[in-house]
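Since the structure of chain A is provided, determine the placement of chains B, C and D on it from the hints.
Protein chains in written order, with numbering that gives the first Met the number 0: chain A, 0 to 408; chain B, 0 to 408; chain C, 0 to 408; chain D, 0 to 408.
Think of the hints as simulated: they come from the structure by calculation, not from any bench.
Backbone N, C-alpha and C define an ideal beta-carbon position, used for all residues, glycine too.
Some hints here could point you the wrong way.
[As the list claims (entries may be wrong)] Some chain C residues well away from chain D (every beta-carbon gap over 10 Å; in silico): (1) Ala-161; (2) His-172; (3) Ser-177; (4) Cys-220.
[Claimed, not checked] Computed, partial: chain D to chain C, Cβ under 8 Å: (5) Asn-68; (6) Asn-71; (7) Tyr-214; (8) Glu-230; (9) His-291; (10) Ala-298; (11) Ile-306; (12) Gly-348.
[Claimed, not checked] Derived list of chain B stretches under chain D, where covered just means 3 residues or more per stretch with a C-beta under 8 Å from a C-beta of chain D: (13) 241-248; (14) 281-290; (15) 314-326.
Protein chains: 4
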Amino acid sequence: MAVSASSWQGLPPRRRATRDTALAYWSQLTDRNDGDARRAGQPQTALGPDPTTIADEASLRDAERYGANIENYIGTVKLPVGVIGPLRINGVNASGDYPVPMATSEAALVASYHRGASTCARAGGIQTAVLSTGLIRTPAFVFDNLMQSGLFVEWLTTREDALRQAAEATTRHGRLLSIEPAIDNNIVYLVCRYTTGDAAGQNMVTIATDALCRYIAAADCPVPLRRWYVEGNFSGDKKASSLGLLTGRGRKASASVLIPADLVRRGLKSTTEEMLAYGRVANLGSLLSGQHGAQAHFANALAAIYIATGQDAACVAESAVGFTRMEARGDDLYCAVTLPNILVGTVGGGTGLPSQASALALMGLPAENPADALAEIVAATCLAGEISIVAALSAGHFTRAHRKLARER
Amino acid sequence: MAVSASSWQGLPPRRRATRDTALAYWSQLTDRNDGDARRAGQPQTALGPDPTTIADEASLRDAERYGANIENYIGTVKLPVGVIGPLRINGVNASGDYPVPMATSEAALVASYHRGASTCARAGGIQTAVLSTGLIRTPAFVFDNLMQSGLFVEWLTTREDALRQAAEATTRHGRLLSIEPAIDNNIVYLVCRYTTGDAAGQNMVTIATDALCRYIAAADCPVPLRRWYVEGNFSGDKKASSLGLLTGRGRKASASVLIPADLVRRGLKSTTEEMLAYGRVANLGSLLSGQHGAQAHFANALAAIYIATGQDAACVAESAVGFTRMEARGDDLYCAVTLPNILVGTVGGGTGLPSQASALALMGLPAENPADALAEIVAATCLAGEISIVAALSAGHFTRAHRKLARER
Amino acid sequence: MAVSASSWQGLPPRRRATRDTALAYWSQLTDRNDGDARRAGQPQTALGPDPTTIADEASLRDAERYGANIENYIGTVKLPVGVIGPLRINGVNASGDYPVPMATSEAALVASYHRGASTCARAGGIQTAVLSTGLIRTPAFVFDNLMQSGLFVEWLTTREDALRQAAEATTRHGRLLSIEPAIDNNIVYLVCRYTTGDAAGQNMVTIATDALCRYIAAADCPVPLRRWYVEGNFSGDKKASSLGLLTGRGRKASASVLIPADLVRRGLKSTTEEMLAYGRVANLGSLLSGQHGAQAHFANALAAIYIATGQDAACVAESAVGFTRMEARGDDLYCAVTLPNILVGTVGGGTGLPSQASALALMGLPAENPADALAEIVAATCLAGEISIVAALSAGHFTRAHRKLARER
Amino acid sequence: MAVSASSWQGLPPRRRATRDTALAYWSQLTDRNDGDARRAGQPQTALGPDPTTIADEASLRDAERYGANIENYIGTVKLPVGVIGPLRINGVNASGDYPVPMATSEAALVASYHRGASTCARAGGIQTAVLSTGLIRTPAFVFDNLMQSGLFVEWLTTREDALRQAAEATTRHGRLLSIEPAIDNNIVYLVCRYTTGDAAGQNMVTIATDALCRYIAAADCPVPLRRWYVEGNFSGDKKASSLGLLTGRGRKASASVLIPADLVRRGLKSTTEEMLAYGRVANLGSLLSGQHGAQAHFANALAAIYIATGQDAACVAESAVGFTRMEARGDDLYCAVTLPNILVGTVGGGTGLPSQASALALMGLPAENPADALAEIVAATCLAGEISIVAALSAGHFTRAHRKLARER
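Bound-form chain A, shown alone:
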């Protein structure tokens, strides 16, 4: 099997995005498609993408602005945004009625979250709290043997202040909370845990940890360091992991609500008993199939809010773990979610892009600890979604809702 010859030379990476570079890329891409079509004897227009849907006027005008977030820029993709609310929250950092923008192309999703949110609001609102914050980077250090690993860790404990200074010198907002060594014979991982201010902080902790590693490599460590890496693939960055589930990565937030029996019936069209019965089956399903935690569809809320508000959507991979629990309180239903790995910020990343900044502003986050408030809103939205889907599945309405909203359109 040989790859067919192709006249297309590919795109050179260019740093600075402008209207002109974007259009130049389109020209190359269109030529290529036309060429392919010609070779295949097909009409060219049938194959070609419509540049105006991606390289529209506003996207071309803002090319330089977008170019700070991406390379080889050709324009923007547009995702529909729906709003749910009031999401009534009575939390440590978020307090009040919030509209939540969700970007998705899955029909029925926003309607389902909205139903859950309305029910929670009518129940008096959702308690929320950020339980811990701490973004992890885990550099790795390789030695010749076990004894050297031990001596290295011993030496490290004598350099705590210097290590902190080296890391924190790189950042105005980040603080190094702790360094926890994990030794596997001749390899030592250091779990470096940081607070990151109002940012999600992935770059911040990479740069700080790099400085920490360089300090170690240059210092008078009594054992020879064979190799070091700023990340030993241990931190769970963009990966669901047991470490993240256990110790948290980013912000760990929890949310809960007590729904009166009557509201379960009227608002959710189910009963406390039926929802608990399904919960038992769903919990066992999680365990049997080997999931990290037990929940129904955190990922839907996470992806939709992350995309709408300029967060890193790849972090859905690590954020979409945690626990949904339900218990009876008399005839009423107590529901809770806990998400140990929420990765959100109100500055940095894509939060400053035009539509994303608007979506953030639309929520009306508090001036103090806005990222913590956002994490609580994310957890509360997940709670609303869990309640709604469990109600639908327990009462046998799940498929009908999807068929109605998704198929018969």
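Chains B, C and D alone, transformed into the frame defined by chain A:
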């Protein structure tokens, strides 16, 4: 702690999205923000989102079109798209040079994938294959006791044809491949595995499985069925799971490339030996921290391609698992990735939305099995990204690249 | 750090165990200890083991018999055995009242299982079933690249009968149920699943799979095989694994009982509500800490029965996974356990050793499918133990029982 | 299905084991078997166990001694013990040449470990270290809601000294190292980590934690405590868990050795390259099948040493996790194992029973930190076994060795 009173009554869900409903929502949301600002004694404009960034003219014009994919529609969020390529593939379903659109706001990401893609192209291209396809739904059936579960499964084996007919009657493109029962005492899960044509097929299999369940509930099953659910939270839908890792969910694709030693040095600024040394540390990091599989950052490619091409971004949660492996072939480097849970389609979901359809068209997928080809392109892009990040981490360039592209902008 | 010189030359492995070889080993070992003591200036007797506790007369007399199960034989270690019962079972393979011998040195353990067993007996007995049997070996085959893996699996499908014949030619009792390939790029694992008659069958399936592999290596496979291994460390042999949890390895058995509310109070000193409340906390604890399944202490019953009856105690590592579930039936309590990886036999391994054979005989297993009956007894014993410990923990008696029986002796 | 009537009334639990109670139990059990045989029309002797193999004279004589470790005592089961060595260790706590007693009925096992040990000795010995010690209990506290959990943890931080005093007042040897709260909404688990002196310490930490809990329940905690449990099934006690893998439970020990290329060939009949090639396949097998860590057969060494030396064999379930790694050092082979959850003691449990005490004494453990030395010996034995089995599998000798020693006997 009591939630503060709020004059905002929240959004009623409305079915049919139009220019007018979108603007009506904005009016409500703006009023709310203004009210909050007034109560807080702040100038109103400072808080308010800019509606024109979301509810721009094109988004308002296409409101009905977007409304088929979302409820409570208020406009669109715009994510920057960059292109990498040539991604030279020599696969079972994809064959040729492909540009790949990636939507992200993480600076340096597209540049890194582009570097990996270019290196693979110069190495002669990437082998790819879809190894299996099969989207899972797992309904659950609850009985009084263990013996009834056993009798139920025995009875099921006598109804194989009828079950298939019930499921397949609901769909033109889906086929029921197998039904595998998993018994846990009085609860029986049925792992129902389907092909879904060119669609990702999540709705398709839900509807088919619902029909299958209703057939069972109505049939002459000799034991009383206490409860049934169309999904027992066992399928790994939007959740990383061991089941998905082991048996696949959606499309399982693999990609590999052999990179000559010289190209490792010139194209990736590392060496085969250094990359393998890092690979050992990274692999151990994955295992120690309890990840599903072992890889560096599949999630980045998955999120970026899923968003650009109208796939369900929430599926990143389940897709971002799998394996990256490297081995020496003499001085050359053999690299491979396997992703068991790719969820992509070329029809359905958000693939028909304007910019997403263009992004799909831009790739020039083959007419035959385009979704399989797309799955192979996704795997090949992941491979390019793994190679690039491992090279950067092994050679100590990772932080510098991020600082340069992300910070000094 | 240098290892101190030692005059002890170590033990040469000898094949045939006899009274004389055992005594010769003791002589060497005693000389060594005396020498160490002399060098340390200590009295020799204080350090020395008492040979008569291990190399007692019966152990010396039966040296050749034991020697078939072990090398470098020096005698036997004695573990105390307690009996619980009646374990009243109403199962597919086991039916009647069984005494169960348990070997352990953990005080309170036998008493706790006995309490659970008595309560279940008074509740009318335990339902049990073996849900599946299938012992796995997973040979691995390494190729040059992805395409060769694909061609290999394609070729395999044409050799199904020959593969089965090659495997089954090595055994009178084993049957090859299925071969399921798992491809990761250039490596192919074959999940080979066997029934093993009344034996646990670990050796049986190793030998059969070796023959299967040798057939493949010698046959006309159209792609070159770089390497093959009889076990790719994929089968979960003596390791807790998701594969075992999902698909079973060995015998998968389930057991359940319905305990009237009154008996929960009188027999278990707890209440249905309290036990369910603890069950929710314990289930969450399992999930949060990343266990395979969710149960309290299967390992205690497994280790105690495996040791008493001559099973392979190392298999506790893989057997001690699964699920314990409880639900209310009105005021009564329904309890269930499912263990997917029970490794037991009534022939082979240590089952023919003198005391182990007596322990097996003591149970009075049925003549038909005795190993299946034994697996059901194991599951039922686990159930009894789960009920007893959950009752103790829910009612706050756990520590007291341990203190009383373990400390105040 | 009804359980058949049985005249057997079962065993009443009796506290104090004596010669007479043991014989009384035998009488009951024998009557039962005879009765069953009579009812089945079979000769009675064929069914009956031989009491003299279990209730031998020494076991009857020592009934009271054994009775401190077990209830319903009927005698002892005898497991054959083989010895490997010299296990040459150059460790932090163990240093010298050690014989290691292993109790197993799996033929070929002792021979294989002995081969590995001899090779390591000829390579100059094994480096070992205990990297951390800390036995965990994790009580759980249940509140009405999220906010109360938060207030509880805040309050706890003000009671650190009192909590430590309450726990440590119950034990002479245990020390409370740390209390780490893990909040899941309204449930709080406290990871209480202890050192346990020379004991394994499971009972010790249960009793200490019970006291800690009772202090909390009686103190002036500002929020109402709904329920508390001394163990929330979070600690990984007798269960493989991610928590144990990550943070250690009991003693975490590591061992490594550098084997010259020539010795790999002569002593292990393989090559460095072949062993590394198998290592890659085995590592992937571990990951694909969802094991906790990656190793070949730790369980074999653990079960054999635990049983021989009076440890709790049920702990094999949690101990048999960890990592085996190999890397080339030029042509030589560096091998390492790390076991984070070794549960051993030199006092307590079954260590004082006659034959077990002898087996412990036989090793000649140092007077200082003997349990740490034992943990290092366990790790070193695991290393020897991993090296031997990997060599056998990589060179294709695995099946032959098993067939020879296990079958042709």
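Status of the hints after comparison with the structure:
{"no.": "1", "hint": "Ala-161", "result": "19 Å, holds"}
{"no.": "2", "hint": "His-172", "result": "13 Å, holds"}
{"no.": "3", "hint": "Ser-177", "result": "16 Å, holds"}
{"no.": "4", "hint": "Cys-220", "result": "17 Å, holds"}
{"no.": "5", "hint": "Asn-68", "result": "4 Å, holds"}
{"no.": "6", "hint": "Asn-71", "result": "4 Å, holds"}
{"no.": "7", "hint": "Tyr-214", "result": "13 Å, violated"}
{"no.": "8", "hint": "Glu-230", "result": "6 Å, holds"}
{"no.": "9", "hint": "His-291", "result": "6 Å, holds"}
{"no.": "10", "hint": "Ala-298", "result": "4 Å, holds"}
{"no.": "11", "hint": "Ile-306", "result": "6 Å, holds"}
{"no.": "12", "hint": "Gly-348", "result": "6 Å, holds"}
{"no.": "13", "hint": "241-248", "result": "holds (count 3)"}
{"no.": "14", "hint": "281-290", "result": "holds (count 7)"}
{"no.": "15", "hint": "314-326", "result": "holds (count 3)"}
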